[in-house]
Amino acid sequence: MIKSQLITVLSERHPELTAGRSEKAVNTILETISSALAHGDRVELRGFGAFSVRFREARENGRNPRTGEPVTVRAKHVPFFKAGKELRQRVDESRGPERK
Amino acid sequence: MSGQTITRAHIAEALQSELDIPKQDAAQLVETFLDLISDELVAGATVKLSSFGAFSVRDKNERVGRNPKTGEEAPIPPRRVLVFKPSQILKDRVEQGCGG
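Sequence lines, in order, name chains A and B.
Number 100 marks the last residue of the first sequence (this note's numbering); no jumps.
Number 1100 marks the last residue of the second sequence (this note's numbering); no jumps.
Chain A on its own, in the form it takes in the complex (with noise of 0.2 Å):
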């Protein structure tokens, strides 16, 4: 499913929102919490998953991909997610007990 699929279910869950206020919906909250993480704050949504920021040391063992030559990587800061308890669970068990 991409954005403007997301857009059009939503707006069919919802038929009071017209599909270009369900497009400003979806992007007000993917802004919302852009946004937060840009701060660096943390947005906690239970039960679905917990958006952080998450600080890289810098490292001396990187690999230009192209050339297989070592490069240092410098330190930063990298958006991370962390699934929820309750959504863990869901799609642990999709896996289906017929599988491996």
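Hint data in this document are derived by calculation from the structure and do not stem from the laboratory.
Bear in mind the structure is a predicted one, so any value in this text is a computation, not a measurement.
Incorrect hints may appear among the rest.
[Said to hold, decoys possible] In silico contact screen, one side only, chain B against chain A (beta carbon under 8 Å); selected entries: (1) Leu-1036; (2) Leu-1041; (3) Ala-1045; (4) Glu-1095.
Beta carbons: idealized from backbone N, C-alpha and C, even for Gly.
With chain A held as given, fit chain B onto it using these hints.
Positioned in the frame of chain A, the structure of chain B alone reads:
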């Protein structure tokens, strides 16, 4: 980094003012948004939200893990996990906002 925690209520407030709708409706929209994404993932599909990131599920084989406290070996059963890959745009925003 300011270190605040953003919740569903904050996102609903943003929707309330952006769309000029009652708080109750805004809260319901956030819920539907999260449900739609969750249901796709539980169905094994990927959810790609351009300029934000992509959620997908990945099957993990059984492997031997270790209890970090006791050092004891313990088998980790096969499972299906949820992964989030942030978009380059989101990664850049976080890096510029948090450290740069």
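Results for each hint:
no. : hint     : result
1   : Leu-1036 : 6 Å, holds
2   : Leu-1041 : 6 Å, holds
3   : Ala-1045 : 6 Å, holds
4   : Glu-1095 : 5 Å, holds
When the structure is compared with the earlier hints, no violation turns up for any of them.
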